[in-house]
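**Student:** Sequence:
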Amino acid sequence: MNKLALAALAAATLTSAFILPAVGQSTISPLEPRPCGNDMGYLPHVSPAEVTGIDRRQGVWVVEVCPHTDMMNTEDGNAWHLRGAIRNNPVLVRELHRWGYFPIDVFAVQMMGQNAISLYVHRMSN
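Under the numbering used here, think of the first position of the sequence shown as 1, with each following residue one higher.
Derived from the structure by calculation, the hints contain no laboratory data. Worth double-checking, as some hints may not be accurate.
Label-pair distances were calculated between CB atoms; the ranges are [stated by the list, open to error]:
hint	residue 1	residue 2	range
1	P48	H68	26 to 34 Å
2	P44	R87	55 to 63 Å
3	E64	N2	13 to 21 Å
4	P44	N2	18 to 26 Å
5	P44	P90	20 to 28 Å
6	M112	N2	49 to 57 Å
7	H68	Q114	14 to 22 Å
8	M124	W61	17 to 25 Å
9	G84	R57	19 to 27 Å
All C-beta atoms, glycine included, are put in the ideal place defined by N, C-alpha and C.
Model the full assembly from the supplied sequences, consistent with the hints where possible.
**Tutor:** Following this line, the structure appears as structure tokens:
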């Protein structure tokens, strides 16, 4: 074998050694259903005062969770006690409506420092 063919073979072998395990780990077996929304991890406590304090100067991120499936339990997030504060904040309502969502669709809330808030949403309203 010449040096070029040997180098190509070595590159292909190394590449497949790194790619194949990653592909194997990313597949989900249809025999093992995985409830959507379980990947949220720890959600820190957010107070209603923090939510009502968001104004137009701060960033609002709307992040869709489980868009193509039903969630197992809509109360698993940390937003169930914040929906009233969200509903009373016109900045948050406007941003939710911009993306076709309502305060009832907010599943989880995460403050991103003093300057931003992330609203994790799942279509629960019809």
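**Student:** Now tell me if each hint is right for this structure.
**Tutor:** Verification of the supplied hints:
For the pair P48 and H68, the supplied restraint of 26 to 34 Å holds, since their beta-carbon distance comes to about 31 Å. Between P44 and R87, the C-beta spacing of about 21 Å breaks the proposed range 55 to 63 Å. About 52 Å separates the C-beta atoms of E64 and N2, a value inconsistent with the hinted range of 13 to 21 Å. Under the hint 18 to 26 Å, the C-beta atoms of P44 and N2, about 59 Å apart, miss the expected range.
For P44 and P90, the hinted distance range of 20 to 28 Å is satisfied, since their beta carbons lie about 25 Å from each other. As the Cβ distance of M112 to N2 is approximately 55 Å, the hint placing it in 49 to 57 Å holds. The hinted window of 14 to 22 Å between H68 and Q114 is violated, with their beta carbons roughly 34 Å apart. The hinted range of 17 to 25 Å is satisfied by M124 and W61, whose Cβ atoms lie roughly 19 Å apart.
For G84 paired with R57, a C-beta distance near 23 Å keeps the hint of 19 to 27 Å intact.
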